[in-house]
Structures are given as structure tokens and as C-alpha cells.
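Taking the hints into account, I'd like the entire structure generated from these sequences.
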Amino acid sequence: MSVETGTASMFGDIEQVSENQMVLNMGPQHPSTHGVMRLLIEVDGETVTKCTPDVGYLHRGVEKLIETHDYRGGITLTDRMDYTAGPSNNMGYLMAIEKLMGMDDEIPLRAKLLRTAVAELSRLASHHIWIGTHALDIGAMSAFLWSLREREKILYLFEQACGARLTTSFMRVGGTGPHDVPESWVENVDAFLDSYTLDELNSLLTGNEIFQSRTRGVGVIPAEQALSYGLTGPSLRGSGVDWDLRKARPYAAYDMIDFEIPVFPEGDVYARYLVRLNEMYQATRIVRQCMEHLRDLPADAPSNADRPDLVPPDVGRVPFDMEAMINHFKLVMHGVQPPVGEAYFGIEGPKGELGYYFVSDGSGMPYRCHVRSPSFVNLGVMEDAAVGGLIADTVALIGSIDIVLGEVDR
Amino acid sequence: MPLGSGILKGFATVFKVGARKPATIMYPENVRDIAYRFRGQVGMRRDEVTNGLTCVGCGLCETACPNDVIRVDTSEGEDGTRVVDRYLFDVGRCVFCYFCIEACPVDALQRTHDFHLVTEDRRGLLIDGFKMIDIYEHDLENRSLEDQNIGPGTRPRLWFGDD
Chain R
1 MSVETGTASM FGDIEQVSEN QMVLNMGPQH PSTHGVMRLL IEVDGETVTK
51 CTPDVGYLHR GVEKLIETHD YRGGITLTDR MDYTAGPSNN MGYLMAIEKL
101 MGMDDEIPLR AKLLRTAVAE LSRLASHHIW IGTHALDIGA MSAFLWSLRE
151 REKILYLFEQ ACGARLTTSF MRVGGTGPHD VPESWVENVD AFLDSYTLDE
201 LNSLLTGNEI FQSRTRGVGV IPAEQALSYG LTGPSLRGSG VDWDLRKARP
251 YAAYDMIDFE IPVFPEGDVY ARYLVRLNEM YQATRIVRQC MEHLRDLPAD
301 APSNADRPDL VPPDVGRVPF DMEAMINHFK LVMHGVQPPV GEAYFGIEGP
351 KGELGYYFVS DGSGMPYRCH VRSPSFVNLG VMEDAAVGGL IADTVALIGS
401 IDIVLGEVDR
Chain S
411 MPLGSGILKG FATVFKVGAR KPATIMYPEN VRDIAYRFRG QVGMRRDEVT
461 NGLTCVGCGL CETACPNDVI RVDTSEGEDG TRVVDRYLFD VGRCVFCYFC
511 IEACPVDALQ RTHDFHLVTE DRRGLLIDGF KMIDIYEHDL ENRSLEDQNI
561 GPGTRPRLWF GDD
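Chains as they are written, first to last, in this note's numbering: chain R, 1 to 410; chain S, 411 to 573.
Worth flagging that the hints you see were computed from the coordinates, not collected in a lab.
There may be inaccurate statements among the hints.
[Said to hold, decoys possible] With a straight-line Cα cutoff of 25 Å, these simulated SDA-like cross-link-like pairs (lysine to any residue) come out:
1. Lys99/R / Glu63/R
2. Lys419/S / Ser213/R
3. Lys426/S / Glu200/R
4. Lys419/S / Tyr281/R
Just so we're clear, the structure is a prediction, and the values are computed from it rather than from any experiment.
Spelled out as C-alpha cells, the structure:
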């Protein structure tokens with residue numbers, strides 16, 4: 001049969017399909033692509049013989065926009081990349097700037113613990129979105145509604161901590177900034193963890209025969225292939241590679257916390273499901289330990305680094321104290337000014353290694369910013385992993401590598 | 411395990427959860443609790459002496475804003491001090507990061523819980539300082555003082571405090 005060359009001409013070699021083959025255009029408005037992504041799938045009958053992801057529909061130029069803002073203004077842009085886990089993005093961004101300024105060791109313990117706790121809560125929220133939409137793609141409706149119900153509680157904790165549910169803009173360079181959490185927050189998190197359970201989702205999906213037959217042995221990514229495509233995060237650990245930045249290069253407060261990294265060797269969709277499910281159990285453990293450590297800290301423990309050139313003074317003093325006023329005005333007008341140099345810092349985001357790279361020319365705005373977004377890198381494996389499977393398996397595969405198009409296109 | 415037992419287990423969970431009270435909040439009739447720190451529309455405090463804007467026209471909020479939301483027009487008054495002629499706030503561009511409130515040295519800008527920002531045409535999104543005063547004072551009337559979970563470590567600012 002003939003092929004619509006209009007859609008396929010962007011991908012020259014797809015035009016040469018044989019009689020039995022056809023090109024299927026999945027997206028950019030397809031519900032299972034999790035956003036505006038287009039997949040050009042070449043099928044022979046029902047079997048996929050070639051799969052080409054076409055991304056860029058949600059490109060907003062976040063990296064270039066960060067270069068036109070001061071270092072503080074960029075925080076609001078990072079919220080909007082991986083919008084399922086805003087605090088994780090904030091944290092990676094700020095820790096890269098702190099590395100650029102060479103002040104990694106000046107961050108007080110309270111800020112580190114809060115960052116760790118909030119990052120794990122956002123991992124939980126992100127995995128809830130993932131488990132819901134992934135199950136929805138495969139045909140389970142209740143799991144979606146239940147996991148969004150649980151996620152709503154986490155977002156309410158974010159709202160109590162900083163005032164926003166998704167676009168948190170939580171921390172600042174040098175610590176928590178003015179948004180140290182309210183006193184009751186620790187109790188609220190504990191109350192949430194006490195009432196939180198994954199057993200419902202677990203009993204709905206893990207043992208379910210339909211779910212298993214849709215996921216077991218489907219979309220297998222061998223370990224070598226995962227490494228050669230540069231996969232990180234749960235997609236890599238589902239292929240049996242034990243690599244997690246939280247253990248390999250501990251940052252924030254992860255070195256004082258006891259947790260495990262789940263690894264499953266099968267490499268199929270089900271293994272990636274199990275990795276994320278176990279990560280959710282581990283995330284609740286980490287948050288609980290962070291809350292215990294926070295409670296052990298003295299009440300007057302600082303939450304910002306002792307750096308007047310980064311952390312604004314108490315604003316109540318500003319109208320009455322000339323030094324504080326000068327300091328405050330200088331910080332707002334000029335902001336953080338890292339020395340000339342470059343720095344890369346990666347954290348283990350919910351979807352993989354989330355890295356920020358900065359080049360500073362000594363001014364208040366980054367000269368160059370690059371984001372290593374895990375969703376974009378992980379999406380590359382689609383080209384190989386989808387081949388040989390069915391069209392319905394491609395849907396399961398997209399769900400299992402957990403992409404967020406806001407982060408893929410940036 | 412016999413085939414189908416996993417599905418039956420799921421059914422049992424569905425019936426168990428289905429018997430519970432629904433988690434859905436029927437929105438316009440019922441509203442969930444809003445956390446005290448919720449970042450809604452930015453409001454402005456009324457100056458009790460002049461009955462006008464508290465803003466002194468320093469322009470720090472203009473600088474701190476990442477999206478060019480705020481515009482402050484100032485001129486020199488008769489006694490040489492700076493006078494704010496017009497304070498414009500474009501709600502359509504605002505991302506509610508509250509950097510402007512952090513930057514304000516005289517606590518003229520204040521947080522509110524107002525999230526009903528719908529207007530019938532686009533011009534309604536451009537509001538001035540006096541409209542912001544109205545929003546703030548209207549919000550204060552509806553705000554309960556009990557849910558102000560403020561604790562140590564919070565910087566003692568008016569916008570965190572017991573206004």
C-alpha cells in the first residue's frame with residue numbers, strides 16, 4: 001500500500017516500506033504518549049519494525065530563558081520542566097549553583113535534611129503519577145484514581161511547606177531561603193506517613209494476571225543496551241544495573257540515611273514497575289528518617305548558610321538598619337554572583353540523573369546553562385526497545401520508561 | 411496460586427475501597443482547607459497615614475520579578491521625596507513565586523489566599539495598587555487566624571505574621 005509521504009518525508013528511510021508494511025503515526029495528541037510526543041511507528045502487521053520518536057512540540061527554550069534571568073529567577077523556570085516533581089528540579093538547580101560557588105560544605109544540616117525529605121516526597125508524587133498513568137495505559141482505571149488521591153496529600157504537604165502545590169520554587173541558594181517549613185509541618189508529614197499505604201495499589205496491580213501478561217517479557221532492555229543508551233534511574237535499575245547517585249555520590253543528607261536501592265535484573269516493563277514500587281517504599285523510609293533527624297535538631301538550628309552575600313537579612317530590620325538595607329538592596333538588585341568557572345551537578349531525580357551544567361562569567365546571570373534531563377535521554381532507547389514488539393507493547397514501554405514531555409523538550 | 415486469584419484480590423480491594431467515603435471534594439459547594447502559606451494573588455497593604463499605597467517606589471519588586479509583571483511609575487514630589495504615581499500588576503504574567511514579596515523592604519506587598527482570578531476580558535488582568543489593596547483587605551476578612559502555623563525558623567515577616 002502507498003504511504004503518506006507528507007508525514008514520512010522527514011524521516012527519509014521510512015518512505016521505502018514494502019507492500020506489507022505501513023507507517024503508523026502515534027501522537028502528538030495520543031493519550032498514551034503522556035504529552036505532546038509523536039511516534040512514527042513502522043509496522044508489519046501488528047509487529048513494530050521501526051520506531052522513531054519525534055520530540056520538540058513542547059519546546060519552550062527553558063535553558064536559554066535561564067540564561068536571561070538571574071540565578072534566583074531561574075528557580076521558577078525549573079519548576080516547569082518536570083512538573084510532576086518540581087522540588088527535585090529546584091534542588092538540582094540550586095546544588096549546581098552551590099557547587100559553582102564552591103560552598104557545598106556550608107549548607108546547614110537542617111536545609112540538607114529538608115531538601116532530602118522534600119526530594120523524596122516529590123519522588124513519591126512523581127511515581128504516583130507514573131503508576132497511575134502507566135496502569136491506565138494498560139487498562140486499569142482504579143489505580144489511576146487512587147494514586148492521584150494519594151498524590152494530592154503529598155501536594156498538600158508542599159502547599160503547607162512553601163505555598164504552592166506544583167510550581168514550588170522551594171529553596172534558595174545557600175539553604176531554604178525564607179521558606180523554612182512551619183513548625184507543624186514535621187508532624188503533618190508524620191501523620192501523612194502513618195496513614196499512607198501502598199497496599200491498595202499493590203493488591204490491584206502486582207499480582208494481577210492481566211497486568212502481568214501485559215508487562216512480563218515485554219519491552220525488554222538488556223543491561224548493555226541500557227548502558228549504551230545512557231539510561232539512568234529506575235529504567236536502568238530495572239535492567240539489573242545497580243547505579244544510583246544517592247549511593248554512588250551521596251549528596252544532601254543521603255549519607256546519614258539508611259535505605260536500599262531496589263534492582264531487578266529482568267529488564268522488562270514488569271521489572272521497571274517493581275523497581276519503582278519498591279522505591280516508593282524506600283522513599284517513605286527516607287522521609288521518616290529525615291523527620292526523626294529534624295526533630296533531633298535544636299530549635300534554633302540555622303536553615304541558611306552564614307553568608308551575608310547570599311542570604312538576605314531579616315527583612316523586618318531593613319527599614320530601620322542601614323547595613324541591612326544596603327545588604328538587602330544589593331542582593332535583590334545583583335543577586336548571586338558566582339566566580340568565573342563551570343560546574344556540573346547531577347542528582348537522582350525521580351526519573352533518573354537530573355543534571356545541571358553552568359558556565360559563569362562572573363555576572364549575576366549564567367553565561368550558559370544546560371540541563372541533562374533524564375526523560376530525554378531515556379526516551380532514546382525507544383528506537384531499539386520497541387522493535388519486535390506489538391503496538392500495544394509500545395504503549396506499555398512508553399509508560400514504563402516514565403517520560404514527562406515538559407522535561408524532554410524543555 | 412490458581413489463575414485469576416490476583417484479579418479476585420484486586421476486586422476485593424475495589425469493593426473495600428468503594429465502601430469508603432469518596433475522596434472527591436465537590437468544588438464550588440465545598441472548598442478544601444487552604445494552607446496558610448498558600449501563594450495566591452499578591453495584595454498590598456494600605457498606608458494608614460495617607461490612606462494610599464504603602465509602596466515607597468523603590469522598584470525592588472520590579473527587579474526581583476522574573477516575568478516583568480510589575481511596573482512602578484514614580485515622580486519627584488514637592489518636598490523632593492519619591493512619589494508613586496501608578497503601581498501596575500499584570501496578573502496574566504504572574505507565576506506566583508512571591509519573589510516580589512520577599513524583596514519588598516517595607517512589607518507593602520502582602521500574600522493573600524485569593525485564587526479566583528477569572529475575568530471576562532484581558533484588561534481585567536491588569537490591576538493597579540488600589541485594586542491590590544481591595545484584594546488584600548477582602549482576603550483578611552475571610553482569613554481565619556487559627557491556621558497560621560508559624561513556627562521558629564520562620565523569618566518574622568509581616569507576610570508570615572498575624573496581620
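Which numbered hints fail: Those not satisfied: there are none.
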